[in-house]
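S.K.: The lines below spell out each chain.
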Amino acid sequence: DSGVTQTPKHLITATGQRVTLRCSPRSGDLSVYWYQQSLDQGLQFLIQYYNGEERAKGNILERFSAQQFPDLHSELNLSSLELGDSALYFCASSQTPKNTEAFFGQGTRLTVV
Amino acid sequence: GDSVTQMEGPVTLSEEAFLTINCTYTATGYPSLFWYVQYPGEGLQLLLKATKADDKGSNKGFEATYRKETTSFHLEKGSVQVSDSAVYFCALRGSQGAQKLVFGQGTRLTINP
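Top line first, the protein sequences correspond to chains A and B.
Everything in the first sequence is counted per my numbering, starting at 1 for the first residue and increasing by one.
Everything in the second sequence is counted per my numbering, starting at 1 for the first residue and increasing by one.
No wet-lab data here; the hints were simulated from the structure.
It is possible that some hints are incorrect.
Subject to a maximum C-alpha distance of 35 Å in a straight line, what follows is the list of computed DSBU-like cross-link-like pairs (lysine-lysine) [said to hold, decoys possible]: (1) K49(B) with K9(A); (2) K68(B) with K52(B); (3) K56(B) with K68(B); (4) K77(B) with K60(B); (5) K56(B) with K57(A); (6) K9(A) with K68(B); (7) K77(B) with K49(B); (8) K77(B) with K52(B); (9) K60(B) with K9(A); (10) K52(B) with K57(A); (11) K77(B) with K56(B); (12) K57(A) with K60(B); (13) K57(A) with K68(B); (14) K57(A) with K9(A); (15) K49(B) with K68(B); (16) K60(B) with K49(B); (17) K49(B) with K57(A).
Please build the complete structure, drawing on both the sequences and the hints.
M.R.: Okay, structure coming up:
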């Protein structure tokens, strides 16, 4: 158990809908990262937060947004969903952005039908 | 930008065979290097890491040496087991800018008894 908790584990929704994925980092970790894992594109970095502030942005679509709350949990919002958004979404956390390793949650498997 | 290239999979070996999974990277400065492993249905787990040139990371019989001259971090294990079947990801954390974690495309390893 990495200590990073993601909910829900599985999500099935229809095209055009909006969903929210939740991540609770390890106790004491201030930095949160979101990744998308699809079959054809491997692990893609989406966005990084540190202590509530956005730190870095990767290949995140405009239909997607995220935030980190004062209690350090983070949410990834995906809207106007398309079939191609079906993927595993991982959250990871580290103590600070400069910490070497990050610890990953079990992921949320999103299926858009 | 920073990038990681892994040998293409899938890789299939017999139990007790020698394993090498190649990984090379492109980065400015002095990145930290990692191998993560993803077992079926699970999230990514840190397998080993190296934070400076000539460091050797090791864990569970796996080893990798940070080679700055060849920009490589190849994963090796002398005698693989069926339980090593998983997807292996090479990754780096840059030493400059946002220092995000960048992953290779992953190598699926299957060990046959």
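S.K.: Work down the list of hints and note, for each, if the structure agrees.
M.R.: Results of checking the hints against the structure:
no. : hint               : verdict
1   : K49(B) with K9(A)  : holds (28 Å)
2   : K68(B) with K52(B) : holds (9 Å)
3   : K56(B) with K68(B) : holds (12 Å)
4   : K77(B) with K60(B) : holds (9 Å)
5   : K56(B) with K57(A) : holds (31 Å)
6   : K9(A) with K68(B)  : violated (39 Å)
7   : K77(B) with K49(B) : holds (15 Å)
8   : K77(B) with K52(B) : holds (21 Å)
9   : K60(B) with K9(A)  : holds (28 Å)
10  : K52(B) with K57(A) : holds (26 Å)
11  : K77(B) with K56(B) : holds (13 Å)
12  : K57(A) with K60(B) : holds (34 Å)
13  : K57(A) with K68(B) : holds (27 Å)
14  : K57(A) with K9(A)  : holds (24 Å)
15  : K49(B) with K68(B) : holds (14 Å)
16  : K60(B) with K49(B) : holds (13 Å)
17  : K49(B) with K57(A) : holds (24 Å)
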